[in-house]
Structures are given as structure tokens and as C-alpha cells.
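Go by the hints and put chain P onto chain Y.
These protein sequence lines map, in sequence, to chains Y and P. The first sequence lines up with residues 0 to 445 when you count with numbering that gives the first Met the number 0. The second sequence lines up with residues 0 to 122 when you count with numbering that gives the first Met the number 0.
What the hints contain is simulated information worked out from the structure, not anything from laboratory work. Just so you know, these numbers come straight off a predicted model, no measurement behind them. Virtual Cβ for every residue (Gly too), placed ideally from N, Cα, C. Some hints could be false.
[Claimed, not checked] Straight line, CA to CA, 30 Å or less: simulated DSSO-like cross-link-like pairs of lysine-lysine: (1) Y:K274 / P:K48; (2) Y:K267 / P:K42; (3) P:K48 / Y:K277; (4) Y:K383 / P:K48; (5) Y:K385 / P:K42; (6) Y:K267 / P:K48.
[Claimed, not checked] Computed footprint of chain P on chain Y; a stretch qualifies when at least three of its residues, placed anywhere within it, have a C-beta under 8 Å from a C-beta of chain P: (7) 157-164; (8) 178-188; (9) 277-283; (10) 288-298; (11) 419-432; (12) 437-444.
[Said to hold, decoys possible] To give an idea of the chain P side of the interface with chain Y (calculated C-beta under 10 Å), a few residues: (13) Y10; (14) L11; (15) D14; (16) T19; (17) V21; (18) I25; (19) L33; (20) G72.
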Amino acid sequence: MRKLFTVIGIIAILSLVRLSFVSADHPASESENELAKKEITIEEGTDNLSEAKKSNGALKGIKNFFSYTGFANATLGHIAMLIVGLFFIIIAIEYNYEPLLLIPIGTGIIIGNIPFVPGFQIGIYEDGSVLNYLYYGVVKGIYPPLIFLGIGAMTDFSSLISNPRLMLLGAAAQVGIFLTFLGALMLGFAPPEAGAIGIIGGADGPTAIFISSRLANGINILPDGTTVKNLIGPIAIAAYSYMALVPVIQPPIMRLLTSKNERKIRMKPPRAVSKTEKILFPIIGLLLTGFISPNALPLLGMLFFGNLLKESTRTNRLAETAKNSLIDIVTILLGITVGASTQADVFLTPDSLLIFALGALSFMIATAGGLIFARFMNLFLKGKNKLNPLIGAAGVSAVPDSARVVQHEGLKADSTNHLLMHAMAPNVSGVIGSAVAAGILLSFLL
Amino acid sequence: MMNLAEINWHYLLNDGLVITLVGYLIVFMALVLLAFVFNAVPKLLDFQKRRYLRKRGKEATLLASTEDLSGEGNAAIGTAIFMFFNEMHDEEDTIITIRKISKSYSPWSSKIYGITRGLNRRF
Numbered sequence: 000m001r002k003l004f005t006v007i008g009i010i011a012i013l014s015l016v017r018l019s020f021v022s023a024d025h026p027a028s029e030s031e032n033e034l035a036k037k038e039i040t041i042e043e044g045t046d047n048l049s050e051a052k053k054s055n056g057a058l059k060g061i062k063n064f065f066s067y068t069g070f071a072n073a074t075l076g077h078i079a080m081l082i083v084g085l086f087f088i089i090i091a092i093e094y095n096y097e098p099l100l101l102i103p104i105g106t107g108i109i110i111g112n113i114p115f116v117p118g119f120q121i122g123i124y125e126d127g128s129v130l131n132y133l134y135y136g137v138v139k140g141i142y143p144p145l146i147f148l149g150i151g152a153m154t155d156f157s158s159l160i161s162n163p164r165l166m167l168l169g170a171a172a173q174v175g176i177f178l179t180f181l182g183a184l185m186l187g188f189a190p191p192e193a194g195a196i197g198i199i200g201g202a203d204g205p206t207a208i209f210i211s212s213r214l215a216n217g218i219n220i221l222p223d224g225t226t227v228k229n230l231i232g233p234i235a236i237a238a239y240s241y242m243a244l245v246p247v248i249q250p251p252i253m254r255l256l257t258s259k260n261e262r263k264i265r266m267k268p269p270r271a272v273s274k275t276e277k278i279l280f281p282i283i284g285l286l287l288t289g290f291i292s293p294n295a296l297p298l299l300g301m302l303f304f305g306n307l308l309k310e311s312t313r314t315n316r317l318a319e320t321a322k323n324s325l326i327d328i329v330t331i332l333l334g335i336t337v338g339a340s341t342q343a344d345v346f347l348t349p350d351s352l353l354i355f356a357l358g359a360l361s362f363m364i365a366t367a368g369g370l371i372f373a374r375f376m377n378l379f380l381k382g383k384n385k386l387n388p389l390i391g392a393a394g395v396s397a398v399p400d401s402a403r404v405v406q407h408e409g410l411k412a413d414s415t416n417h418l419l420m421h422a423m424a425p426n427v428s429g430v431i432g433s434a435v436a437a438g439i440l441l442s443f444l445l
Numbered sequence: 000m001m002n003l004a005e006i007n008w009h010y011l012l013n014d015g016l017v018i019t020l021v022g023y024l025i026v027f028m029a030l031v032l033l034a035f036v037f038n039a040v041p042k043l044l045d046f047q048k049r050r051y052l053r054k055r056g057k058e059a060t061l062l063a064s065t066e067d068l069s070g071e072g073n074a075a076i077g078t079a080i081f082m083f084f085n086e087m088h089d090e091e092d093t094i095i096t097i098r099k100i101s102k103s104y105s106p107w108s109s110k111i112y113g114i115t116r117g118l119n120r121r122f
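Same shape as in the complex, but just chain Y:
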């Protein structure tokens, strides 16, 4: 057995040496690879190669091979991003923070940041590469409406229909978007870029991708003749990171802005909603919001269409596909491509850091906006109609994570007070609100 391994080993080494000769004589790329250019000198008059030249060629072949590996091309930026990717995967698996998003994104970050020699249609930003084709769905804003279709098909709006006044909480939380827009302008971003950054406050990944693919896509020309920056990657990563970190970011703000007694408020159970109301909701919702903000039609249209598929009860097959297979496929493609778009040389810029800071701020402002508005509404409500202000925090979209956080915090204050159903109302109205806000920003800034 040992002899067999030895023979196979020798054959393998010989074939490797042979391969390295071939690669030394015929380098894979002659124009693109700067490193390879430096290392390789094409031998002329190869008819009479001496043994010395052959051994020299083997060495050069190995060097050439090494120059193509990730080890030779790695930079500190790549290493940092690989660590970020691994961090995402670890928190998703270990702490169960949005694993459906963070595992694809984390893996995408690793795929996008394994160093390679450009020019072989490998990277996500290289024309013709497989990843580039998949990234087309992000750049052209194809994936977000499909995600919205699935969200619509899996969302039960009955808690919102039963208590429509809770829609105001979803509207109040959108303050984060507009204040962050102002903040981004103050930090020197161009208006379209600032609009795209502001939408992080909507805590809605697909909306953030949709609006950044329209406003901060690296293609549009600004009035001063300069090209707008491509901020799709940083914005998408910031939005999804903060969505995953909802259980970390929101509770301290919730505790800070509400008293213990307020957190104990029991809300009236939601009334039963008839089937007719459930069917009317997507139709009326689409007509109203669509007329107010036509630029958000790809998102709102798909959201309400998905909901109509569910509530009509006549298209169960389509609704099942939209809320299971379709949304899963799109989530995989979206996650992996958004992750891979964080290539260190494109992603690691001071702008990205600013976007992350603004995103965090935006998220906090949005949470605070919802909480404060819930307390404000309580000034006009009496008795059983009073709201538990915690549900205001669910006004940031992040469906259904922020509603879950509200339920969790409510149970901490009173272990028999279940707020989940109440929190779902501002939560889903936050989705509608952030999509409407996106449409408004598009109409102002495009």
C-alpha cells in the first residue's frame, strides 16, 4: 500500500512539474495580470532548451501559479472583510440573528473577498461573470419587488385592519428616513446619495436596495456633471445588518423612552376582521398608495398583489409559491450577491463607514420616533383604548423581528401581556410607509 502511495505521489509531482513548464511557456493572461507580467519572460527560440533553462522554467511556473492564488493577492482589506463575513455567519448560527439573511450575506462576503487576479470573469464587478449576471437583479432593482411579492403573500394585515389608527405609528417611525437624509446631506453626500442612505432608516432591506439601485448606482449623472457614487453594496449591507441587530439596537431605546407602567399597559384585543375587509385591503391600499406615490409601484404593487393572492383564497397555489419557493430563491440570490458586492477594494472606503454610522443613527431615530408618537397618541386616548407605547418601536419595518422584540420586551414588563398581534399592525404599516417614502424620495431626487 505504501509503495502504491509513493508511486502515485511521484506521478503527481512529475505531472505538476510538467504542468508548470506548460504554464510558464504559455501564460494564461498576457494583458491583464500585472504581477504575471513582471514574473514571466517569454522564452524565444525554444527549440534548443537546456536542462538549466527547464529547471528555471519550472520555478517560474510555480511562481506564476503562486501569483494567481489568493495568498499572493490578499490585502489587509480582504482579510478584514473575510473576518466580517465569518462574523456574520457566526452570529447567524450561534445567536440565531436573522440566519436566513446573514448566512447568505456572510458567505457572499467571503466569496466576494477571496482575492483573485482580475480579468478572468470571476468577480462580481467583472462583465460576463456568473456573479455579475446574478448581481444584475440587484443593480436593476429586480429582486426587491419579488421579495415584496412574497412578503405580501405571507403577511396577515388583519391586526392593522382591525385597528387602523395604528398605521400612524408606522408613519411616525419614517422620521428616521428623512432626518438621516438631512444628516447625509450635511456630511457632504450628493442629494440622490443622501436619499438612498436615508432609506436605511426604513429598516427594510429590499426597499433600501431598490432605492439605491435607482439613486446611488454609479451611473446617474449629477447636475454638476459628476457621476453619482455606487453605494448599493454599503447601503444594502448596512440595512440588513441593522435589521439583524434589531434585538440589540431597539430594547435599550425602548426602555429609555417608556416608563415601567407604560410598558405594562394592556391593549384591547383586536376585533375579528371579515373576509371582505381582508380582500378590500390590498385593493384599496394599492389604489391609494399607488396614486400618491407612483414611483413606489414596483414595491407596493407587488406587496398588495401578493396579499391579494393570499386573501382571495382562490389562488392558494400562487400564494404558496410566492411565500415559500419564490421568496426563498430570491433571498438566496439577493443575499449572496449583496454579500459578494462588498469586494474590499470597492467597499472599504470612508463613505462606507459614514453610511454605517448614519444607518445606525437612522435606525435609532426611527425607533424613537415610533415610541414617542405612541406616547403622544396616548394623550388623546382613554381607558381600554390606550396603547402600549412599546408597539411604536415596531413602526420601523423589519418584519417581523421588531414586532418580536416588542413582544419580548412586553413580556419582560408583564409576563401575561402579549403584544405581538398589536405590534404587527405598526410593523406592516411601516413596510407600506417606507415604500411610500422611497417613492417620494425617488420622485424628488431622480
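Only chain P this time, still in chain Y's reference frame:
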């Protein structure tokens, strides 16, 4: 550090503020409008049902108001009806009922035809 000179203060203080205020107001108004419409929808549906019943000469008291019906109450009523029709009960009646079942004779399981019969008799 940010260079304050680079900031387009004119845009920020004019268009920026306008976009912020108008944009936020529009979002708010859109959702207020939606809330208003959906406040009215159940009332309209109730009104239509009452009119329909009145036309048929029936008393409209049956549908007093759907706003007072809670989802929890409906779930409890639904469960009670389901359990009633399926004759389920929460508490056991503690009466053991053993029904005697008489089986018809079949030679397939008869011991008199077993192959160990002869051996057993011998020992």
C-alpha cells in the same frame, strides 16, 4: 474630518428641508388616509348588510356591530362549536367501558392444528 466648506448649504437649507418636510408629510398623509378609509370600511359593510336585511324584512339586530367582536372571542366560540360537533370533551367521565367482542372461529389460528402439538404431548 468633514470640510464644512464642501457642504452645499444652499441645497441643504432650501431643497433639503423642503424634501424632508414635504416628504414626511406625504408619507403621514398617505397612511392617515388609509387609516381613515379602513375605519370607514367596516361601518360601510355593516350598513350594507343592515340594508340588505331590512329589504328582506328581517330584523337587523343580529349584526349589531362587528367592532365589538374580538378575535379571541371568535376563536373561543369557534373552538367550542368544533368540539361540540366532534363530540370531544375536556374532562374524562371516568367510566370504563369494555365492550366484549366475539370472534368467529377460524382454523388459521387454531392451536389444535399447531405443529408443536405432538411434541408437547410426548414430553
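Results of checking the hints against the structure:
no.: 1; hint: Y:K274 / P:K48; verdict: 14 Å, holds
no.: 2; hint: Y:K267 / P:K42; verdict: 19 Å, holds
no.: 3; hint: P:K48 / Y:K277; verdict: 17 Å, holds
no.: 4; hint: Y:K383 / P:K48; verdict: 28 Å, holds
no.: 5; hint: Y:K385 / P:K42; verdict: 22 Å, holds
no.: 6; hint: Y:K267 / P:K48; verdict: 26 Å, holds
no.: 7; hint: 157-164; verdict: holds (count 6)
no.: 8; hint: 178-188; verdict: holds (count 7)
no.: 9; hint: 277-283; verdict: holds (count 3)
no.: 10; hint: 288-298; verdict: holds (count 3)
no.: 11; hint: 419-432; verdict: holds (count 4)
no.: 12; hint: 437-444; verdict: holds (count 4)
no.: 13; hint: Y10; verdict: 7 Å, holds
no.: 14; hint: L11; verdict: 5 Å, holds
no.: 15; hint: D14; verdict: 7 Å, holds
no.: 16; hint: T19; verdict: 4 Å, holds
no.: 17; hint: V21; verdict: 8 Å, holds
no.: 18; hint: I25; verdict: 5 Å, holds
no.: 19; hint: L33; verdict: 6 Å, holds
no.: 20; hint: G72; verdict: 8 Å, holds
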